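We have chain W; now place chains R, P and Y with the ligands onto it with these hints.
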Amino acid sequence: MATLNGSAQPRIDTRVRIGSARLKNPLVAASGCYNRGAEFARVVDPAAYGAIVLKSITAQPRLGNAMPRVAPTPAGMLNAIGLQGPGIEYFLTHEAPALASAPTAIIASVAGFSVAEFAAVAARMDGLPNVVAIELDVSCPNVDREGECFAADPDSTAAVVAAVKERVSLPVIAKLTPNVADIKPIALAAQSAGADAVSLINAVRGMAVDVTAARPVLANVSGGLSGPAIRPIAVNAVWEAAKVLRIPIIGMGGIETGRDALEFLMAGATAVAIGTANFRDPLVPLRVLRDIEKEAERRKLSTVAALTGLAHPSFATKTGTR
Amino acid sequence: MATLNGSAQPRIDTRVRIGSARLKNPLVAASGCYNRGAEFARVVDPAAYGAIVLKSITAQPRLGNAMPRVAPTPAGMLNAIGLQGPGIEYFLTHEAPALASAPTAIIASVAGFSVAEFAAVAARMDGLPNVVAIELDVSCPNVDREGECFAADPDSTAAVVAAVKERVSLPVIAKLTPNVADIKPIALAAQSAGADAVSLINAVRGMAVDVTAARPVLANVSGGLSGPAIRPIAVNAVWEAAKVLRIPIIGMGGIETGRDALEFLMAGATAVAIGTANFRDPLVPLRVLRDIEKEAERRKLSTVAALTGLAHPSFATKTGTR
Amino acid sequence: MPAHQQSLEDATLVSREFIAPGFWHLGLRSPHIAGRAGAAQYVAVDIPGDFAVRLPLGIWTADGDTLSLLFREWGTRTERLARLPVGTTLSLLGPLGNRFTTPTSAKGATIVAGGLGIVPFWLLAKEYQRAGIALEVIVGARSKDLLVGVDTLRELGITIATCTDDGSDGTQGNVIDLLRARPKPDLIYGCGPPAMLRALCSFANERHVPCQISMEETFGCSLGTCWGCVVPVRRGCDQATGYPRAPADSRAYDLARVCIDGTVFQAADVLWQR
Amino acid sequence: MPAHQQSLEDATLVSREFIAPGFWHLGLRSPHIAGRAGAAQYVAVDIPGDFAVRLPLGIWTADGDTLSLLFREWGTRTERLARLPVGTTLSLLGPLGNRFTTPTSAKGATIVAGGLGIVPFWLLAKEYQRAGIALEVIVGARSKDLLVGVDTLRELGITIATCTDDGSDGTQGNVIDLLRARPKPDLIYGCGPPAMLRALCSFANERHVPCQISMEETFGCSLGTCWGCVVPVRRGCDQATGYPRAPADSRAYDLARVCIDGTVFQAADVLWQR
Ligand SMILES: Cc1cc2nc3c(=O)[nH]c(=O)nc-3n(C[C@H](O)[C@H](O)[C@H](O)COP(=O)(O)OP(=O)(O)OC[C@H]3O[C@@H](n4cnc5c(N)ncnc54)[C@H](O)[C@@H]3O)c2cc1C
Ligand SMILES: Cc1cc2nc3c(=O)[nH]c(=O)nc-3n(C[C@H](O)[C@H](O)[C@H](O)COP(=O)(O)OP(=O)(O)OC[C@H]3O[C@@H](n4cnc5c(N)ncnc54)[C@H](O)[C@@H]3O)c2cc1C
Ligand SMILES: Cc1cc2nc3c(=O)[nH]c(=O)nc-3n(C[C@H](O)[C@H](O)[C@H](O)COP(=O)(O)O)c2cc1C
Ligand SMILES: Cc1cc2nc3c(=O)[nH]c(=O)nc-3n(C[C@H](O)[C@H](O)[C@H](O)COP(=O)(O)O)c2cc1C
Ligand code: FES
Ligand code: FES
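Residue numbers (the working numbering), protein chains in the order written: chain W, 1 to 322; chain R, 1 to 322; chain P, 1 to 274; chain Y, 1 to 274.
With the rest of the complex left out, here is chain W (with noise of 0.2 Å):
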């Protein structure tokens, strides 16, 4: 099991609230990226992240899109899994029973095309052991609306936390897309129907050819792209939406070092995400929260929870909630 040298104990508090819920630390292993942590147990300590959040869950199971679903891009990757999965029921049977045991807290992620399914999967997740909040995939298309991505409208959003917010006692957190001309209205719009924190942001949508073979690369055309690419683009949407949001951000794209993350910190995140940098390097939890640690102690700041929003005017106004 890998540890970093010079990675002394910590001398600051690194935890961080995501609405109700405690994390020990503000790193989160994003959603379809980490399973449960158990492939990467082998070679680092999954419980080195303050949570982990599971790949979302649908209703009925699915068995995601054709091949070849990813494909790598300059500083980044395309992916088109197609929300593949076993569906609530089978998980609930079969995996949930194994959260008992899981190395750190977890955020379950559910994903649906009405807002009845999400509702309806979201229920089912409250109080599963080691639960500590549900994050709401948003960003597939709405049946209930012709097919438009929930996140790509306000209401839609609205629509569906506040369906899951009826059901669940347990924080809960909209997952918006940077598709979108104007990230603030979505963010709003979630928070008013009673969101208790924003991710930001899944995968921007791309797509890559296949020169050689004249066709898309992915089977199904278009895809998220992810990883340190799309860095800038997370970074603005987390500091356009920090402008007006009161509730908690939880900040991802591309974070691959601490220095990464402490830019997600101070734009006004109060958690961040780690995905596609776990593939590279599976440390990477390990990096990121030694280097925020010492930033923090080089401000003489006694909680991590202080670099929120440090770069951020509207900071200087807000108090305590983050």
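Hints in this document: simulated from the structure, not taken from any laboratory.
Every value quoted in this text rests on a predicted model; they were computed, and no experiment measured them.
One thing to keep in mind: the hints can contain errors.
Stated by the list, open to error - Selected chain Y positions facing chain R (in silico; Cβ < 8 Å):
| # | residue |
| --- | --- |
| 1 | Q6 |
| 2 | R54 |
| 3 | R77 |
| 4 | G220 |
| 5 | C226 |
To be verified - Below are the DSSO-like pairs computed for lysine-lysine, each with C-alpha atoms no more than 30 Å apart in a straight line:
| # | chain 1 | residue 1 | chain 2 | residue 2 |
| --- | --- | --- | --- | --- |
| 6 | W | K294 | Y | K144 |
| 7 | Y | K144 | Y | K126 |
| 8 | W | K300 | Y | K144 |
| 9 | W | K294 | W | K24 |
| 10 | R | K184 | W | K184 |
Claimed, not checked - Far from chain R, some chain P residues (derived; all Cβ distances over 10 Å):
| # | residue |
| --- | --- |
| 11 | G27 |
| 12 | T162 |
| 13 | Q172 |
For glycine and all other residues, C-beta sits at the position ideal for the given N, C-alpha and C.
Just chains R, P and Y with the ligands, lined up with the frame of chain W:
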């Protein structure tokens, strides 16, 4: 003056058409990245480009944004130049005459903050020496409509294009922003309003935080992300627009190699523009053109134009115009 | 289970050999991974440059503290890898994936490789030599210049039949033609392009010959967590596919991950059409 | 004009020296650029990795076919550069920018450098030595560990006065304090952080001492085409600023590009506030 080893005589027809304009090859130097080519002439012959798009010109002189205005990012850069420029009067008196000795065809670029400003500036560009088309940078905030970006809205985009078309005889190219949920309605609005082509894409909104100073790197906070990082986003925009458009597309965003340019052509672009890559490798147009020609040869095509849309199902049913 | 002992190791590039146009052979000092590498296992290489995901490459030879890679310049990552100077430090993750198994009862086996599908077989050949079991090897490619690694395998003292589509080396024809022309094998191992593997599976399944194939897909994580590399396999087969399963009501298969449930699958378990 | 003879050159890294924590000295064989480098000129380096724009670094020494760079690990690009093995090929574009000028009539001059602002002065000192003109050098930094390159400059046989904010080397105080304590110089050259340069310009302008400063900004293109690196300068000054000019009606200045109109500006021409 550098040339490339092994770049033999073109054996295939590299010419392309953008409306009534004929370019000797499909490579265009992107707006804001090449001036008129003079600075590059010490290292490479700017005539390698089929056309050079000038930096966008506004009605009034503009000082642009405060410094810093650029920042490196993973596989890209951010810029927030802020349309610095001498304004149309100065341009016409002091700079336009030199266009008579331009190394290749020139595409003038116009930016404005109202429909009237676009039309007035574009009208004065019509008929300048060597200028073969006019590109409209509709990615600036629209003061007529509460500062929303023109290209975020189909109607604003159409209004600009229509107003300009009434005043100029040269082909008009609408340059659209990727910062929208769906590029198709905007591209269609430009086409219906009479645009002869669209340029896709302008830089993607992003930002970076200087974590040492705990403030945004750019004085303007956010800027435009360009370079290889955005290529999958740009290729996707071209692919989407090509589904619905009849007019040609100039594709751009992160092109550094022939393979990159081929992605755009095969996704449906008739020409491609290169911006940021000139900064890293001034020889980029030579390399890209050679490799595009090689690919056309490998496929036994007699024209580069025949590469357009090769990967795109819509092109199987389309004819001639591109 | 030895296949699950993996390391994240900083390897040193110790040799770099151009073997044919577009083909390279790299030697890497990587004691932990080399010491544990099994046939059909691979490493995930963090190529320096603007790459956010690792590149999976099969382990060709492994001897003492050194392993080697045999690869083609396919695209940007392999081109970059081919140009790194000796002395470069490269982060490797491995050995990854399961292995070809060598049944102790085997009387003999036939290896069928297409092009770079030869990669997993140097280690397998060594295992067979150690076990003293007879092995015959068939390697095919489109043409002579795409037949690489054959000499290295011959150096082990193994007899190899080659074939090419254009007859530029060995018999003219493909590996299945060659296989058909021989006595029915007891056991087959296969690796190569999808079309070849598919034909090989039909061949083996029709004749009820046990056959193990090593498959390839574009990988994202190489670790089993992104679900980017799935292949449909018969439900209830050998592979511990983990979740998610195909919907029980509609399809009689699971989606297995090539990167971690494979790369080795039983020919009888792989379903070629969805 | 020699400053305009630029090359795109594949240079070889021939030496790599750690000179103080975070500071590095690299030697590069780059005959075309080294042969033409002038004081205050720079190279734009294409750092291998995920970087879309070149990194500008001042030319420290240039001797025969080799030039050297003296730099600090500021961030990702300089960190990467510091870790490249000797033997690496690096694409350089240069020499870029204008140069310090050495008036033939000069009786003597004073160099004022802050921290890494020492970089342009090795080449300038050589020029002065060749011309046989007296030179005095003042170098300051926050503390001793940030004073780099001083020994190399002393090796040319030049007397150097140092100062540090904390008194850990030389006089305690800043370079302007030192300058004030001396007889009025005939000519000043300056390079260093913005605050120092600004103070230096006030000092020189108030006393009507001719003063040339080499400035720094974050660069995009390093070629004069992206307008990412501008500084306001007095209208009608020496610098050929090219377009675009500031609006004639409202402001009495032009925006000059540091990368190509500079990096050297006359202290009397630079406008520090907009
Ligand atoms: C487990 C595993 C083991 C592997 N072992 C080896 C090995 O030992 N040696 C080796 O050379 N490769 C091996 N590969 C294949 C290699 O990982 C891929 O070819 C990879 O895509 C090359 O990356 P790239 O960035 O250089 O090219 P890419 O940019 O990914 O591809 C460039 C172009 O090449 C085409 N292409 C890429 N790979 C292939 C392929 N395998 N077959 C046909 N066309 C292709 C693409 O369609 C594209 O047009 C292995 C793959 C896996 C999953
Ligand atoms: C013409 C020119 C010549 C130069 N010559 C040299 C040289 O000879 N030696 C040298 O060491 N540098 C030199 N620089 C500065 C160097 O190019 C920049 O510092 C560059 O930003 C470093 O890139 P990076 O990617 O490593 O760091 P970045 O990622 O750009 O910066 C990382 C962090 O360091 C801070 N930072 C970066 N640069 C500076 C700076 N110069 N001063 C204070 N804080 C900074 C940033 O604010 C940021 O917090 C020169 C710059 C120019 C324009
Ligand atoms: C292979 C892969 C699968 C993903 N699956 C999901 C998913 O099921 N639900 C979800 O909300 N986000 C999913 N994401 C998005 C990530 O959680 C994250 O928002 C995005 O990748 C940006 O972060 P990164 O750059 O650190 O990877 C997936 C990302 C990847 C790369
Ligand atoms: C420094 C800089 C300045 C730019 N200025 C303009 C501009 O004035 N008008 C415009 O339409 N696009 C401008 N662009 C956008 C480019 O023309 C191009 O659309 C974008 O950079 C994507 O291409 P690239 O990745 O090849 O650079 C600018 C881009 C850069 C990097
Ligand atoms: S490559 Fe990620 S699961 Fe196989
Ligand atoms: S850095 Fe581009 S103009 Fe100076």
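Now for the hints, and whether the structure bears them out:
no. : hint            : result
1   : Q6              : holds (5 Å)
2   : R54             : holds (6 Å)
3   : R77             : holds (7 Å)
4   : G220            : holds (4 Å)
5   : C226            : holds (6 Å)
6   : K294/W / K144/Y : holds (24 Å)
7   : K144/Y / K126/Y : holds (25 Å)
8   : K300/W / K144/Y : holds (24 Å)
9   : K294/W / K24/W  : holds (17 Å)
10  : K184/R / K184/W : holds (23 Å)
11  : G27             : holds (29 Å)
12  : T162            : holds (27 Å)
13  : Q172            : holds (25 Å)
Figure legend: structure checked against the earlier numbered hints; every hint is met.
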